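Below are the chains, spelled out letter by letter.
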Amino acid sequence: MNRRNFLIGTGAAGLAAVSLRGGRNAFAIDPPKQPPRRLLLVFALGGWDTTYALDPKEPPFASVPAGAIQRFGNLDIFTDASRPNVTQYFERHADHTALLRGIATDGIFHNECMRRIATGKRDENQPDIGAMVAHDLGNALPIPYLVLGDVAFTGPYTVSAARVGSTNQIVELLGTPDADPLAATEDALLRRYADASADRARATRGAAGYNRRRVDDFAGAFARSERLRQLRDRFGARGEIQSLASQIPLALDALQQDLSHAVMMTTRLGWDTHGDNFLQADCHETTFGQLTPLIDELIRRPGRAAGSKMIDDTVVVVFSELSRTPMLAGDPPHEGKGHWPITAALVIGAGVKGGQVFGATTPDSGGIPIDLSTGVPSPTGIQPMYSHFIAGLLALCGADPSAHLATTPVFDAFIA
Amino acid sequence: MRRQRSAHELVLAEAYNAGMRAVVVAVVLAAMSCSSEPPPPATTVTFLTPTEHLSRASMALRGIRPSLAELRAVAADPDQLPRFVDRYLTSPEFAVTVRDLHNEVLLLHPQVLNLTPPPVAPLQLIPFNEMNRSIYDEPLRLIADIVMNDLPYTQIVTADYTLADRTVATAWGLPHSDDDGWERTTWGDDRGAAGILASTALYVRYRSITTNYNRARANAISRSLLCHDFTESDIHIDTKVNLSDPAVVADAVVNNPSCAGCHQAMDPLASYFFPFYQGNVSGVSSYPVDLFIPDNASMWSTTTNRPPGYFGAAPQGLAGLGKAIAADPRFARCAVVHFASYLTQRAARDLAPAWIAQLQDRFVHANYNAKRLVREIVLSDEFRVASDSDLAGAERVVGYQKVRPQQLQRMLLDLTGFLWQVDTDEMIGGWRIGHVDYLDDDYLGFRVLGGGIDSWFVTEPSYTMNATSSLVARRAAQLAAAYVVDHDAAAAPADRWLFTQAPVDATDPSAVRAELAELHGRIFSELVGPDDDALADSAALFEGALAASGDPRRAWTVTLTGMLSDLRALYY
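Protein chains in written order, with the working numbering: chain A, 1 to 416; chain B, 1001 to 1572.
Mixed in with the good hints, there may be bad ones.
Stated by the list, open to error - Straight-line alpha carbon distances no greater than 27 Å define the calculated DSS-like cross-link-like pairs of lysine-lysine that follow:
no., chain 1, residue 1, chain 2, residue 2
1, B, Lys1371, B, Lys1323
2, A, Lys353, A, Lys57
3, B, Lys1240, A, Lys121
4, A, Lys33, A, Lys121
5, A, Lys57, B, Lys1240
6, A, Lys353, A, Lys33
To be verified - Selected chain A positions facing chain B (in silico; Cβ < 8 Å):
no., residue
7, Asp150
8, Val151
9, Ala162
10, Thr167
11, Ala198
12, Tyr210
13, Arg224
14, Pro326
15, Ile342
16, Ser365
Quick caveat, the hints were computed from the structure, so don't treat them as lab data. Here the structure is a predicted model, which means the values were calculated and not measured. Idealized CB from N, CA, C, for every residue including glycine.
From just these sequences and the hints, can you work out the full model?
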């Protein structure tokens, strides 16, 4: 047996029954449909080094920071006293957290991999997981998909999405509560005028197809923007969304108050450490330092059903489009790591088999075929890809993967 | 005795062939284009009326609406339309459109701090936006200069000059008269006549990390000039390769089949760009700075070991590379695709191949005259299509084109004299931002929120509306409406922007309808009379607003807000 066939890091997934199936697809017998769940996405743009916490490795196969493997239930996490926020997160929330390892992005370019890991597809103009879930499950809300971060792919569901801007510019567009007694009357007149225009268009050039969707989007966008203006107080002040810490309260409020069904956040940290890879420690600390209160809040805040909490109906996904090469390169003390096409993700919250690892990598961070329904390495399984990952998230959130990804096998091992 | 090729060699050859297939396809398509004609449009398709067609052409080419005189002339004689298109093609607004179009291709307007040369002497007082915009406008200005002067489009990669304003000239040390504005100038070194390939800004925008040896630059050029994106290749990354070891990578990109397929073409292309500085420009300490370092030209020999080459040929230097690209059939086809895609708001993959082939053929035979290409596009059935009564066909017809944020800015300026802008002391990374055009800015403005691109995170425009783009459109309309009502209230009749048929205090129904008819023509490109039923909704809006406030100026402001943010204003 060579070292590539020696499987490690399978964690608790190894305890599950091994299946020879490569994963479900649209033609397989479907598992019970999941209830509709809300979605919070945290995108670590730039490519995180999974050896810092999520996928422990050892020399000589990888250059790793100080630390040791620490078990949190069945999660094996690489921790160190110098990274207390990572430790604290798993101490508090490991039981809500599934760790997915060995997801292949099949590329090493940021933009391509961002699109793939977010949408499950290679093609341009495809909606990302937030846009799909929001469209399918929360399209009646004012802003089904709220984009607080920098990157989102809205594709055909653009009308269901809203960006707040890099410095929360949306606040300026929403204006201030209008003391002018005429404003409401004039707004109603403008709405009527826009609707009449749309109706006229539908009767002529906008009767069908692409044109019809543009007209419907025009009218729908107007209506959604009016509802948004009623919620102006929830968007804080200009410049307030620069950090993940300031995005989280907005995101939680947006879900809790039924403004949105899905929210995209970005960490806005320098994960792309081609030099000074040690900065990954700060990135991990900052991110996990915010994830802990995020999950705390989901546990504290009321959910949709009576007596429930948000954690019971909300899924959190923390992911990155790439990871980093196992080995450092460059000159001391500024050694960095390049892009690596096998990454990991955290899936947290409602419907998740928490406290378990699904998927695996080789000692030198290569991919390993798994059974997608168990997460267990299998010689008859398949390499988990970004598409399988997104299909699994769709299923977890209660959407139909086949509606978006056709016959793509569903990586659903992490669904309870 | 003939040696059998090993399985490894066969796989490698196949991978290489896959990489070259795009070249062959392009050549075949070019050859086919001589004999193929696009099929006629389906009988279920309807087209824009001549005045609607004129309006779409005017918006697509200039970002402004046609004048009433132009509309009336075309209504009276539709054969006049091409004459107006020719006029639009010589307008300064078309030059702006050419820059916008190529920015969507080259992605040169990212408001990113570490991609912007810093404010150091003698430019220590320059605001961020001014530096950022000038530096990245340079290659776009060159392209626009070539197009507007009817030079062969191939000169975008072969020209022996560029354009500079004072900022660009100061930063890069280019000859300049010190007058305001942009003027032709030349690079003072021996980088060669290579058009935008010689542009320092292109390489500031596209940097590769030191050990990636200009591959990002090579792909950016291949993607934007040849429509060949190496990163979209359908390959599997071999994780047995230690990507952190330059020696291992250097071997893999030659001998590993999953790597070599792309790298055999990409790495020689990348080797042309070693002379351009690969570091972060934020370290620049004073100007002028020369980021072209000829001594680095041979660094390929100690890194990738791939001499400069272009898909199997070996043209010399950037000038040779530019000529090779210009002669590549993919270049002409890619240019046609970019123009056609931008002007019809259709994705490249949705453009009819036969139409593109025909355009390419004529483009080449017209000595790569871009204005003639654009003229042919905007006069085509593909451009003037309105709808399709066949439901399946209706899915493919782009009968509504949406204004881009920059077009909205120009349209509002042309109609009302209003420019949504500010000079601000707000900072980005400790650097004063300065002038902001709200519809062409992402940090403080609303370019992305309005559906545009930021050239960094958002690289595809949105052609539909959502809540934020609706808010942007209405806010811009509201501000423009208030501005023009105030302006026209104070201006002499001859100096008014919009209120030429009635003063802004008019409430008399006949005067109001006369003015509304004027506004329908100016804003919607609809030629209607004061008694036309088409004015009913606009008249009702004015009457309702007047009834609510009793203030005719306020009523006109509300009415104009509605009209300037209407479907007929935001789509064309």
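Structure-based check of all given hints:
1. Lys1371/B - Lys1323/B: Holds, at roughly 21 Å.
2. Lys353/A - Lys57/A: Holds: Lys353/A and Lys57/A sit about 24 Å apart, inside 27 Å.
3. Lys1240/B - Lys121/A: Roughly 24 Å between the alpha carbons, so the hint for Lys1240/B and Lys121/A holds.
4. Lys33/A - Lys121/A: Given that 27 Å is the threshold and the Cα spacing comes to 23 Å, the pair holds.
5. Lys57/A - Lys1240/B: holds, 16 Å
6. Lys353/A - Lys33/A: Holds, at roughly 16 Å.
7. Asp150: holds, 4 Å
8. Val151: holds, 5 Å
9. Ala162: holds, 5 Å
10. Thr167: Hint on Thr167/A: holds, closest Cβ of chain B at ~6 Å, below 8 Å.
11. Ala198: Given a least distance of 6 Å, the restraint on Ala198/A holds.
12. Tyr210: holds, 6 Å
13. Arg224: holds, 4 Å
14. Pro326: Since chain B brings a Cβ to about 7 Å from Pro326/A, closer than 8 Å, the hint holds.
15. Ile342: holds, 6 Å
16. Ser365: holds, 7 Å
Violated hints for the displayed structure: none, as all numbered hints are satisfied.
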